[in-house]
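Given next are the chains, with one letter for each unit.
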Amino acid sequence: MFVRNCWYVAAWDEEVPAEGLLARTLLGEPVLLYRDTRGGVVALEDRCAHRSAPLHLGRKEGDAVRCMYHGLKFDATGACVDIPGQSSIPPKVSVRSYPVVERDRLVWIWMGDPAGADASQIVDFFWHDSPEWRMKPGYLHYQANYKLIVDNLLDFTHLAWVHPTTLGTQSAAGLKPQIERDDSGAGTLTIRRWYLDDDMPNLHKRVARFEGKVDRWQIYQWSPPALLRMDAGSAPAGTGAPEGHRVPEALQFRHTSIQTPETETTSHYWFCQARNFALDDEAITQKIFDDVLVAFEEDRRMIEGQQKVLSLVPERPMIPIAADAGLNQARWLIDRLARSEVA
Amino acid sequence: MFVRNCWYVAAWDEEVPAEGLLARTLLGEPVLLYRDTRGGVVALEDRCAHRSAPLHLGRKEGDAVRCMYHGLKFDATGACVDIPGQSSIPPKVSVRSYPVVERDRLVWIWMGDPAGADASQIVDFFWHDSPEWRMKPGYLHYQANYKLIVDNLLDFTHLAWVHPTTLGTQSAAGLKPQIERDDSGAGTLTIRRWYLDDDMPNLHKRVARFEGKVDRWQIYQWSPPALLRMDAGSAPAGTGAPEGHRVPEALQFRHTSIQTPETETTSHYWFCQARNFALDDEAITQKIFDDVLVAFEEDRRMIEGQQKVLSLVPERPMIPIAADAGLNQARWLIDRLARSEVA
Amino acid sequence: MFVRNCWYVAAWDEEVPAEGLLARTLLGEPVLLYRDTRGGVVALEDRCAHRSAPLHLGRKEGDAVRCMYHGLKFDATGACVDIPGQSSIPPKVSVRSYPVVERDRLVWIWMGDPAGADASQIVDFFWHDSPEWRMKPGYLHYQANYKLIVDNLLDFTHLAWVHPTTLGTQSAAGLKPQIERDDSGAGTLTIRRWYLDDDMPNLHKRVARFEGKVDRWQIYQWSPPALLRMDAGSAPAGTGAPEGHRVPEALQFRHTSIQTPETETTSHYWFCQARNFALDDEAITQKIFDDVLVAFEEDRRMIEGQQKVLSLVPERPMIPIAADAGLNQARWLIDRLARSEVA
Chain G
2 MFVRNCWYVA
12 AWDEEVPAEG
22 LLARTLLGEP
32 VLLYRDTRGG
42 VVALEDRCAH
52 RSAPLHLGRK
62 EGDAVRCMYH
72 GLKFDATGAC
82 VDIPGQSSIP
92 PKVSVRSYPV
102 VERDRLVWIW
112 MGDPAGADAS
122 QIVDFFWHDS
132 PEWRMKPGYL
142 HYQANYKLIV
152 DNLLDFTHLA
162 WVHPTTLGTQ
172 SAAGLKPQIE
182 RDDSGAGTLT
192 IRRWYLDDDM
202 PNLHKRVARF
212 EGKVDRWQIY
222 QWSPPALLRM
232 DAGSAPAGTG
242 APEGHRVPEA
252 LQFRHTSIQT
262 PETETTSHYW
272 FCQARNFALD
282 DEAITQKIFD
292 DVLVAFEEDR
302 RMIEGQQKVL
312 SLVPERPMIP
322 IAADAGLNQA
332 RWLIDRLARS
342 EVA
Chain R
2 MFVRNCWYVA
12 AWDEEVPAEG
22 LLARTLLGEP
32 VLLYRDTRGG
42 VVALEDRCAH
52 RSAPLHLGRK
62 EGDAVRCMYH
72 GLKFDATGAC
82 VDIPGQSSIP
92 PKVSVRSYPV
102 VERDRLVWIW
112 MGDPAGADAS
122 QIVDFFWHDS
132 PEWRMKPGYL
142 HYQANYKLIV
152 DNLLDFTHLA
162 WVHPTTLGTQ
172 SAAGLKPQIE
182 RDDSGAGTLT
192 IRRWYLDDDM
202 PNLHKRVARF
212 EGKVDRWQIY
222 QWSPPALLRM
232 DAGSAPAGTG
242 APEGHRVPEA
252 LQFRHTSIQT
262 PETETTSHYW
272 FCQARNFALD
282 DEAITQKIFD
292 DVLVAFEEDR
302 RMIEGQQKVL
312 SLVPERPMIP
322 IAADAGLNQA
332 RWLIDRLARS
342 EVA
Chain F
2 MFVRNCWYVA
12 AWDEEVPAEG
22 LLARTLLGEP
32 VLLYRDTRGG
42 VVALEDRCAH
52 RSAPLHLGRK
62 EGDAVRCMYH
72 GLKFDATGAC
82 VDIPGQSSIP
92 PKVSVRSYPV
102 VERDRLVWIW
112 MGDPAGADAS
122 QIVDFFWHDS
132 PEWRMKPGYL
142 HYQANYKLIV
152 DNLLDFTHLA
162 WVHPTTLGTQ
172 SAAGLKPQIE
182 RDDSGAGTLT
192 IRRWYLDDDM
202 PNLHKRVARF
212 EGKVDRWQIY
222 QWSPPALLRM
232 DAGSAPAGTG
242 APEGHRVPEA
252 LQFRHTSIQT
262 PETETTSHYW
272 FCQARNFALD
282 DEAITQKIFD
292 DVLVAFEEDR
302 RMIEGQQKVL
312 SLVPERPMIP
322 IAADAGLNQA
332 RWLIDRLARS
342 EVA
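Chains as they are written, first to last, in my numbering: chain G, 2 to 344; chain R, 2 to 344; chain F, 2 to 344.
Bear in mind the hints are in silico, worked out from the structure with no lab data behind them.
There could be a bad hint or two in this list.
If several chains are the same, the list does not tell them apart, and a pair holds so long as it fits within one copy or across any two.
[As the list claims (entries may be wrong)] Below, a list of computed lysine-lysine pairs in the DSSO-like style, where the Cα atoms sit at most 27 Å apart:
#	residue 1	residue 2
1	Lys-61	Lys-93
2	Lys-309	Lys-74
3	Lys-309	Lys-93
4	Lys-74	Lys-148
5	Lys-137	Lys-93
6	Lys-74	Lys-206
7	Lys-206	Lys-61
8	Lys-61	Lys-288
9	Lys-93	Lys-148
10	Lys-61	Lys-309
11	Lys-214	Lys-309
12	Lys-288	Lys-74
13	Lys-74	Lys-214
14	Lys-206	Lys-148
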């Protein structure tokens with residue numbers, strides 16, 4: 002059972018080709034993604050209404066797609082517009098069409114009741130295509146339920162253990178995160194961590210445009226079902242960063258981690274790490290990408306191991322600890338969404 | 002659930018070796034095939050009555066087979082005739098024996114109530130071993146339910162879409178097939194297509210023994226559960242082919258497509274394309290075989306894709322279109338057989 | 002459903018490394034094995050109490066193991082002794098700990114009610130580490146339920162059929178084994194076979210320290226759930242071997258075959274063949290090991306084939322024959338144990 006009435010990511014924009022057809026299983030459903038003649042993304046059920054042939058083995062014809070089994074043609078709304086050898090087309094011959102919005106280099110899809118698909122609710126990831134930011138899109142396929150990845154992202158304790166040489170520090174593990182929950186709409190969690198008048202981290206030193214002590218921050222914003230944004234950086238100490246003033250030489254990063262369930266035990270995972278400096282230095286772009294990927298592979302090994310244990314002994318209970326505060330709040334928001342769909 | 006009381010194909014004759022043992026799963030049951038000392042084919046349950054060891058890991062002894070786990074020996078009727086270390090053999094120690102008929106180079110098996118196994122009901126495929134015909138036996142293994150293959154064979158619409166450069170023509174897609182159903186016995190469907198005073202197809206031109214316009218025909222005969230025979234060819238126009246008179250120089254083909262369920266989602270598929278000309282030209286034999294195989298792989302890609310979608314979202318309904326006439330009639334005959342077994 | 006209240010083998014001693022962590026699924030449960038600082042073996046549930054992360058991806062710290070997901074640390078009793086970022090540890094935060102005994106180079110584990118774990122019940126395999134014996138430990142992984150392996154070991158009929166060129170002889174197949182059942186405790190089966198004033202077998206001739214006729218024996222002792230010991234050898238004829246007197250030049254072998262269920266359809270299998278002569282001749286050690294392995298692969302091919310048939314048609318009954326006497330007794334003892342746990 003998946004939450005349906007929310008915006009999920011279906012792909013990076015560049016994953017949907019200008020000409021071809023992309024097949025992707027989302028929430029256990031086969032979905033076809035392609036671009037119409039104006040370049041807009043279309044998302045249809047990847048299953049011909051006639052006899053369940055996969056439409057991704059078909060052919061794009063203008064804004065429509067034709068099933069290459071018996072030639073039924075479906076327009077971008079999913080309506081059948083041609084049945085070879087048959088002059089009239091019964092209205093029920095159609096495939097499901099999903100509301101899609103392409104924004105911030107992401108293809109967003111609404112898998113629930115189309116009446117609820119309000120594009121204004123889509124979370125903002127402006128750093129994906131802003132000229133002031135630079136990032137390289139990443140994708141991982143996971144052999145685990147997406148909630149296990151959400152758990153991981155909202156928990157700081159694991160940084161010291163899973164990522165001792167990459168992301169983590171022993172001190173980070175001890176910090177109790179302060180979590181603010183905003184229950185409006187689908188809800189949002191915000192976690193702020195500030196290190197004032199601190200030493201500059203080694204990673205920042207390599208690319209810094211200033212010297213001396215810094216005010217450092219990590220601000221996480223998470224929204225269900227599985228959208229994480231992080232704002233992190235270093236500014237010269239005392240220049241007002243905690244009050245919201247970021248001087249131009251401040252080093253800023255924006256991180257994206259987004260999951261969409263593929264099945265109950267597999268997930269799609271899109272990520273990137275944007276920065277506001279050295280924009281045209283492709284070596285830095287690649288280095289940041291590689292560093293994130295190394296850390297994410299550390300997570301994946303653990304989370305896929307966790308999924309294997311859960312599949313082997315599903316009935317054993319989990320026991321909460323204090324460090325679960327973040328992930329418990331996230332699970333609560335996901336469950337609230339799920340309950341609202343059952344009611 | 003499979004229709005049981007009918008003749009299925011178990012193998013080409015050449016697949017059952019003179020000396021060895023062939024294991025094949027048919028209708029979800031493990032079946033052992035071998036030849037007795039006179040060369041006749043024996044079909045037994047491939048499962049020792051004692052403790053379920055596979056008999057195909059055993060040894061042929063005359064007309065019998067001995068399980069090489071504990072040495073129980075079963076004769077060609079499935080009766081146990083030796084239990085090492087035991088002088089008396091309880092009558093219940095036996096394995097199931099299936100009625101088998103070897104005819105037209107095919108091994109036919111009856112998996113239902115043996116009392117109903119009437120060899121006279123076996124459909125005729127005389128072109129497999131007639132000296133006036135030549136063919137090369139083919140076999141495909143399918144990751145799909147056999148009914149999806151039946152659907153494909155009885156539908157002409159797909160020719161234009163799945164086989165645009167091999168079997169299909171755009172004109173063929175538009176033709177409404179005229180289907181005659183004969184409900185006697187298990188039933189038969191016949192579909193006739195005639196093209197009178199037509200140009201000779203390119204395929205025929207290459208091997209033709211005459212020139213000029215032709216009367217061309219394609220006559221399909223299908224019988225449940227999954228037996229397709231096709232009679233196709235070209236005769237000089239006006240020489241009486243439509244009335245049943247085929248002059249000696251007429252180019253004639255006979256096509257065979259037979260499926261037997263292996264499991265609910267996998268199938269065996271035997272096929273061949275026989276001709277009545279250039280019998281000893283092995284290059285033509287191979288060329289025809291290869292051409293058929295290319296077209297059949299086009300079908301397989303689509304049908305196995307269809308099975309994947311059906312397995313992922315089994316509950317979504319199929320919607321009929323006019324072009325389904327042939328396959329709907331076939332499904333109706335299969336369902337009639339199935340219902341007759343439940344009643 | 003597995004018998005739980007008995008000692009199972011979890012590993013050869015050398016499989017549990019001095020420093021690392023060994024993960025093994027036993028009776029469908031993930032188990033972690035490692036050595037404490039004194040070298041003793043610890044067996045814990047391989048599943049962190051917190052959120053089911055596998056402990057084998059963790060780190061050994063002294064006698065304890067730390068989960069490398071969130072840093073929870075469990076001592077050798079399974080009690081949690083550290084939760085990073087949390088000062089108090091609720092008593093329920095613990096993982097299951099299994100009683101373990103390391104004896105005769107085997108690691109024994111008790112997966113049932115710990116109150117019943119009486120080490121004095123562990124069956125004796127003294128030849129594994131006695132200075133008067135020499136063996137090489139073997140391990141096989143089986144795609145079959147462990148009871149099918151037990152069946153095989155307690156049945157002499159199969160020797161002639163499965164192992165005609167290795168272990169078996171036609172005469173051995175005909176012998177009716179005399180089985181003594183001792184029902185005390187978990188029960189024991191004993192099967193004795195004596196060949197008095199017989200020729201020395203070829204295998205023995207190669208290494209014999211005497212010539213002439215021999216008194217030969219094979220004495221099997223089996224205990225549930227799946228422990229087989231065999232005492233076999235040749236002594237000069239008339240020197241009192243049947244009465245229990247074994248002269249020093251007698252060739253003696255001790256064989257070990259032990260199974261532990263991994264899942265319902267897979268098993269662990271530990272074996273060895275010890276001897277009391279030519280102790281330091283490593284070529285003989287290897288030759289004996291290789292010979293046993295060849296024969297065991299013959300069994301595995303048949304037994305895994307049997308499991309495949311049973312999985313395909315599970316509902317078909319087995320039919321007993323006279324040769325089943327041994328395995329029927331073994332199954333009876335296993336079932337008696339299983340019933341005692343349900344009651």
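Right, here's what the structure says about each hint:
1. Lys-61 with Lys-93: within (22 Å within a copy, 59 Å between copies)
2. Lys-309 with Lys-74: between (42 Å within a copy, 21 Å between copies)
3. Lys-309 with Lys-93: For Lys-309 and Lys-93, the Cα distance is within 27 Å only across copies (23 Å; inside one copy 42 Å).
4. Lys-74 with Lys-148: between (37 Å within a copy, 24 Å between copies)
5. Lys-137 with Lys-93: Classified as neither; 43 Å inside a copy, 45 Å across copies.
6. Lys-74 with Lys-206: Neither. Shortest intra-copy (57 Å) and inter-copy (35 Å) distances fail the 27 Å Cα cut-off.
7. Lys-206 with Lys-61: Neither. Shortest intra-copy (50 Å) and inter-copy (35 Å) distances fail the 27 Å Cα cut-off.
8. Lys-61 with Lys-288: Neither: 38 Å inside a copy, 33 Å across copies.
9. Lys-93 with Lys-148: Classified as between; 24 Å across copies, 36 Å inside a copy.
10. Lys-61 with Lys-309: between (40 Å within a copy, 21 Å between copies)
11. Lys-214 with Lys-309: Neither: 45 Å inside a chain and 59 Å across chains, both beyond 27 Å.
12. Lys-288 with Lys-74: neither (45 Å within a copy, 34 Å between copies)
13. Lys-74 with Lys-214: neither (64 Å within a copy, 36 Å between copies)
14. Lys-206 with Lys-148: neither (35 Å within a copy, 64 Å between copies)
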